Amino acid sequence: MRKVKALILTGFGLNCDNETAHAFGLAGADAEKIHINTLVSGKINLEDFHVLALGGGFSWGDDHGAGVIQALKLKNHIGRDLLNFVDQGKLIIGICNGFQALVNLGLLPGLDSDYTKRSVSITFNDCGNFRDQWVHLTSNAKTPCVFTKDINMADYPVRHGEGKFIADGEVLKSLVANNQVVFQYADSNGVPANGAFPLNPNGSLEDIAGICDPTGKIFGLMPHPEAYNHFTNHPDWTRKARILKREGRTPDRGMTIGVKLFKNGVDYIKETFF
Amino acid sequence: MISCIEIALKKEFRDAEGTSLKKKAASYFGINIQEARCINIVTIESRLDQDQLEIVKDEILTNPVTQMSSLTPLDIGFDFCIWIGYRPGVKDNPGATAMEAVSDHLGKTFGPGEGIYTSKRYCLKGDTLVPEDVEKLASELLSNHIVQQFKVFSIKDWDKNTGANVKPAKVILNHTPCFEVISIDSDAQLAKISDKRNLALNPRDIPVIREYFLDPEIMESRKKAGLLKPTDVELEYISQARSDHCNHNTFQGIFRYKDASNNEEVIEDNLFKTYIKEPTLKLKEKKDWVVSVLWDNAGVGRFDDENNYVVTGETHNSPSNMEAYGGAITGIVGVYRDPMGTGLGSKLFMGSFGYCVGDVNYNGPLRPPLHPRRLLDGVIEGVKDGGNKSGVPTTFGQTLFNPGYMGKSLVFVTALGIMPSLVKGKPSHEKKTSPGELIIMSGGRVGKDGIHGVTASSESYSENTPAGHVQIGDPYTQKKMHDFLLICRDEGLIPFITDNGGGGLSSSVGESAMISNGCVVFLDKVPLKYEGLDMWEIWISESQERMTIAVKPENLDRFMELSAEHEVESTVIGEYTDTGKLHIKYKDETCAYVDMDLLDKGFPSWEFDAIWLPPELRGLTEPVISSPSDFNALLISMLERPNISSKEWIIRQYDHEVQGGSVIKPLVGVNHNIPSDACVTRPVLTSQRGLAFSQSLLPWYSKIDAYHMMTSTIDESVRRLIAVGGNFDHIGGLDNFCWPNIQFDPGKNPDGKFKAAQLVRACRALKEACEKYEIPLLSGKDSMYVDGHLEGEFGERIKVSALETVQFSATSVIEDVSKCMSMDPKFAGDLVYVLGETSNELGASEYYDAFDETGLNVPHVDFDKFKIVYKTLQKAIEKELVASCHAVARGGLAVHLSLMTMAGGLGLEADLPELPANTGRGRLFNETLLFSESAGRFIVTIPGENKNIFENLFKGMAAGCIGFVTDLHDHLKIFGVDKEPLVDLSIARLDKAFNKTFGDMI
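Protein sequence lines, in the order shown, are assigned to chains L and U.
Residues 1 to 274 in my numbering are what the first sequence lists, from first letter to last.
Residues 1 to 1002 in my numbering are what the second sequence lists, from first letter to last.
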C-alpha cells in the first residue's frame, strides 16, 4: 500500500521534529525528519513528499525575529521547490516557529495567490513574556483548511514568546471573508476569547491562533497539536479519566484531537493523490 | 567599513520591551517613564557595499509589517536615550546568527577583522526624568558592567547623524602566544608563583609537585622532549586537576569529627567513599535497573528493555551571583552537556531548576553584587532562554527565599537524557579512548572565557579587553551540536565523548587520555575566537558549547561530513596514545610533557576539624507562643509568605511540553495553577512508561541539625514521587550539596568547625536514608563556598553565609502512565485521609519563621515505619483506590489542605481530632497539628465505597479519615481539637492569598 510521505524539517535550533514525526506516524503517514541542509544540498528532494511540516523550535535562536532567518534560508535555496510543491496541491503545515516561518516566506496568507508577499506578522506577546499554557480553540466551520475537517474545538498547548498575530485592517478583513481564519482562541464553550488574557494568551487580533491560505492546503498555527499525541498530554486527563471511570464509562484512549489534525492531512492526500 | 543598522517597531505597535522597562522602573525604583521605546542596533564591520547593506537591512533584519529601519539613527523622540552593548569578547548570540544569515543570503564569507555586533538603545520620555535616574536604570536594570557597557545621552547632547556612535565590540589582544618556564627552586618560590598566577595551589600540594619535577628520572625524560623546568601549561594543568571543583577534595578529605556533648572523636576519612560510593555500589548489586554510576558525567538507570535514562545536576552559583542572566543560561546549557557526554551520548528530554535567593524586597544596608530581585529576574530569564532554546522541557522547579542567600544565591540546574541501551550492538553506557584515535573538539570556539574565574573582575578594562570570566551560554550552537552528535552516535562513529566544562580541554582531554594512557595535543590546531591566546589559556579556557570526542581515523571523513551538514565546527586537535605521557605541543614546540599518572603521585588529602554542638548545647529551645485566636487570618498570612505562595509566573515562562511527553505537569488542578508534587514525562513516545521526577529543598532545618535537614529532604522527595504514582522499588537519587566554607580560620571563618560537622552529619544522614529507602545515588555534585562578603553601611564588609543546603532530586520509572495520580480532589463526597503521624515538630518550620523563631523540634524521619506506608500507598494507587494524593510539605497540613482545596475547586472539611497524631515530642495544640512539618505524611482522597478496602490495606499504620470533599460549599473548613471551627475560608479567598505576593507577575 502506498504511504503518505511527510517531511519534517530539522536542524538549526528546530526542536519539535521528533514529536511531530511521531504524530504524523500515528496519523498513518511515513514521516521522515530531514535536515534543512539536505534539502538545500539537493540530497533530498521535496517533490518526493506529500506533506511538508515546519515544526516548532527556535530556528537560528529566533534572534532577528521568530522564523525570519529560516524563511530566508528556505527562500534562497528551495524557494522554487516550495512554490512547485504548492502548485501541485500538496500540503504544508507550519506549527509555532514553522507558522512564523511560513508568514515570513509569504506562503501565508497567500492572498490573491501571491505566495511570496509578507502581509501579516506574528510578533511579541502582549503579556511581554514567553508563555506555556493550554488553550481552547474554536474552529471555523467554513474554512477550506483540510487539516481541521470535523474538528470543532480543540485544546492544545501554546509555548511561545512571539505569537501575537497582527495584520492591517484590510488584510484582516480579507482573511475573515475568505474563511482563512482557521482557529481562534476561545473559552471552554468555544466562544472566542475576544482578546481576554489568558484565554487569548498573546493578544492576537481577532483571537487568531491559526490561518490557512485560500486553498486550505497551507496551514499555520501557534498552538502545538503534536504535543497532544497521547491522552495523558491533556492537563485535565487525570480528572477526566477518573470521572468517566466513576460513571462506569471507559475513557476514550484512541486518537487524540491532536493526532486527528494530522490524520486529516494524511487522509486528504490519500483521497486526492492515491 | 563600520555601519550601523537601527531597527524598531513601527509606532502603532506595542513595544513589549519598553512596556516592561516602564513597569520595572516604576516598581523597582519609583522612576516614572511616560514612554519607552527600544531600538535594536546591528553594527557591521565589513567590506559590504551600500547596496548590500540595504539588502541586509531590508531583507534580513526588518519585518516589513511591523518594523522600520535605517542605516542612519532612527528619529525617535526622547528626553534621554540609553545605549547598551556587550563588552568585547562576551558571546553575542544575535551577532553570530546575523553573520550566518548574511553569509547565506549574500554568499559572503567573513574574513579576519570583519564581524557583526548587536546592541540596543532605549528612548525614554518623562517629564520628571533626571540624569541620575537614567544612569540608575542603565546600570542597575538594563546592563551589568561585567558583560555590558552603556552610554546615556540627553536630547541636548544627541547628534542626529552619529547617534550612539557604536563601535564593534571586538577583542584585540596584540599578543604573540607563548609559554613560560617556571623556576621552582623552593616551596616558597612556587607558592609565590601560585599566588601571582592565581593557580590556587594547596600549600600541601606544592612539595609533591616540586618533588615530581625535580626527580632525576623525570628530568631525564623531559629533557628528551626539550623541557626541563615545569611550564605554565603544566602547572595550570595540575592546578585545574587538583582544584576542589574537579577533584572534590572536600568530600575526599579527612575530617576529625568531635561531638562536644561527649567529647568523642571519630576520624572520617573520605566522606564520598564512605557515605556515597559504598552504599551506592551495594545497592547497584541489588537493583538490576542501576546501569552505570559514579564515574561518568551522569548516572545511568534502566528505563525499559531498550532504553536507559541519564540524570545529573549542577549548580552555577558564583557566576550567577555576578551576572544573573549569563550565569544561569551558562548553567543550564552547561548541565545539558553532561547527558550529551554520558556513555556514548544521550538525547536530552527534561530539565529542572532550583533557585535560592535573598529577600526580593530587601531594603537594608547591605549591598550584594546584585539585588536579590534583580538577580532572580536575571536567573529566571537565563534558564528560560537556555532551556527553551535547547528544546528541552523544564518540567519542575522550586524557588525559595532566605536572607542567607544574599551572600551567594544558589542556582541548581538538573538534566535528564535518554539513550538506546545498545548502539550498534554494544552497551551505550560504556566508552573508552584507544591509542590511535583522534581527539576532536566540536562546537564553539575558544576564547579567554572562564579563565581563573572571578579574579579578572577586579582588573581595569580597556576598550578591547575581553570580559571573559562571566559567559553567556549559546543554546543555539549547542542544539545544533546535540542533534549532530546523536546521529554520529547512532552511526557508531563515537567510541568516547565527554563535555568541556570546568577546566576546559585540560580536564576533558586530560581525563579521557587516562583511559588510553596518553595523548598528544596540538594547541595551535584549536580554533580560537580571536588571536593572541597563550598556550595555557587555550588549554584551560572554559569557553562553552564544546564537546571532546574520540574518533577512529577511518571514521573521520564521515564524522566531518555530518559535522559540515549540521554546520557544527569540528577540529582534530590531537591523538590518543599509550605512551603514558600527556604531551602538548604548539606548532613544533613541546609546552607540556608530564606523566599521565602524575595526579596519583601521593597528593595529600585535605584535612578539616569538625566539632558538633547539638542544638540543645547551642541553647536552642522551643519558643513560647500561645495559641493564636484567628486561624483564618493566620492561614491567609501563611499562604502569602514568599516561600509558600504561587510561583506560577516562573513556571509558565518555561516550555514544559516540548518533545510531547508531558503526563503530569508542573502546575495541576482545575485551574492549572497549583504546584504539582512531581512531574511525569514520557521520554519514549511509543511507550506507556513514564519517568517521574521530584526535587526537595529544606535548608531551614539546617538551622537546627543538618542531619535532619538531609533525612527530611530525601523523605519529601520520595513522597513526592509516590504521590504521582512513582515506584518505591525504583528510586534514583541525585544529591547537590551547597555548603558554606568549612575550613576553620579564627579570623575569617570562626564557625568553620561547626559547619564541617554539619557536613559530616548530612553525609551520614544521606547514607542512612539511601540504605533504608534503597536509593542508589545516580549522580551528585558539591559547591563548597556559598559565602559572600557584602559591603555594609559604613564601608565594612560583612560575611553572609548560606544555610547548609542540599537539593535532592529523585527519579522513578512508572510502568503505565495511565495510573498516574494528581493532587486535586475530584469528587464531592470523597473521603479525606491523612497518612502518617503528626508530631510536635515545628522546629525551623515556616510557622516559626513567621514569628522569626527557630525552635528545637526539627522533624525526624522514621524510615522503617514510613516505608511500609509508602509501599502500601503505591499499591493503593496501582489498584486505583485513590482519587487524589498529595505529600504534606513546607507549611504543614493547613497549607497543603489549602492547596488541595484550590486544586480540586471543591469544598473540603477536616476534623483535627481524627488526625493520626503522636505526642512523643510534645503537646499538640491546634496550631501544632496545622503547621507542624512532620515527615512521612500524605493527604489522600478516596471514594467512600473504597473505605473498607483502603482501611484494611493500611491496618496497623497511621491512617485517619479526617473529613470529606463536598460541593455543598466551596470552602476549606477545619475544626479544632475540641471540634471548634478554626478555619473557614472560601476557595476565592485562599486563591487570592496564594497569589497575592507574586500574582501580578507574568
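Hints in this document: simulated from the structure, not taken from any laboratory.
Here the structure is a predicted model, which is why all the values come from computation and not from measurement.
The reader is advised that the hints may include incorrect statements.
[As the list claims (entries may be wrong)] The calculated lysine-lysine pairs, modelled on DSS-like cross-linking and capped at a C-alpha distance of 27 Å, are:
| id | chain 1 | residue 1 | chain 2 | residue 2 |
| --- | --- | --- | --- | --- |
| 1 | L | K149 | L | K173 |
| 2 | U | K819 | U | K282 |
| 3 | U | K11 | L | K173 |
| 4 | L | K75 | U | K57 |
| 5 | U | K552 | L | K245 |
| 6 | U | K947 | U | K286 |
| 7 | U | K947 | L | K240 |
| 8 | U | K11 | U | K23 |
| 9 | U | K286 | L | K43 |
| 10 | U | K819 | U | K799 |
| 11 | U | K167 | U | K57 |
| 12 | U | K277 | U | K947 |
| 13 | U | K879 | L | K117 |
| 14 | U | K120 | U | K10 |
| 15 | L | K173 | U | K10 |
| 16 | L | K117 | U | K282 |
| 17 | U | K120 | L | K240 |
| 18 | U | K282 | L | K43 |
| 19 | L | K240 | U | K748 |
With a cut-off of 27 Å on the C-alpha distance, tell me whether U/K286 and L/K43 pass. Between U/K286 and L/K43 the Cα gap is close to 50 Å, so the pair fails against 27 Å, i.e. violated.
With a cut-off of 27 Å on the C-alpha distance, tell me whether U/K11 and L/K173 pass. 22 Å, holds
Straight-line alpha-carbon gap U/K947 to U/K286, limit 27 Å: Roughly 36 Å between the alpha carbons, so the hint for U/K947 and U/K286 is violated.
Would the pair U/K11 and U/K23 pass a check requiring their Cα atoms to be no farther apart than 27 Å? 19 Å, holds
Pairwise hint evaluation, U/K282 against U/K819, where the allowed Cα distance is 27 Å at most: This hinted pair is violated, its Cα atoms lying about 31 Å apart.
Does U/K57 sit within 27 Å of L/K75, going by the straight-line distance between their CA atoms? 17 Å, holds
Straight-line Cα separation of U/K120 and L/K240 no greater than 27 Å? 49 Å, violated
Check whether the Cα positions of L/K173 and U/K10 lie no farther apart than 27 Å. Status holds; Cα separation ~21 Å.
Proposed proximity, U/K282 with L/K117 (alpha carbon, max 27 Å): Given that 27 Å is the threshold and the Cα spacing comes to 66 Å, the pair is violated.
Proposed proximity, U/K10 with U/K120 (alpha carbon, max 27 Å): Roughly 16 Å between the alpha carbons, so the hint for U/K120 and U/K10 holds.
With the threshold set at 27 Å, check whether the alpha-carbon distance from L/K240 to U/K748 stays at or below it. 59 Å, violated
Given the hint that U/K552 pairs with L/K245, does the C-alpha gap stay at or below 27 Å? 57 Å, violated
The structure fails to meet hints 2, 5, 6, 9, 10, 12, 13, 16, 17, 18 and 19 from the earlier list, while all remaining hints are met.
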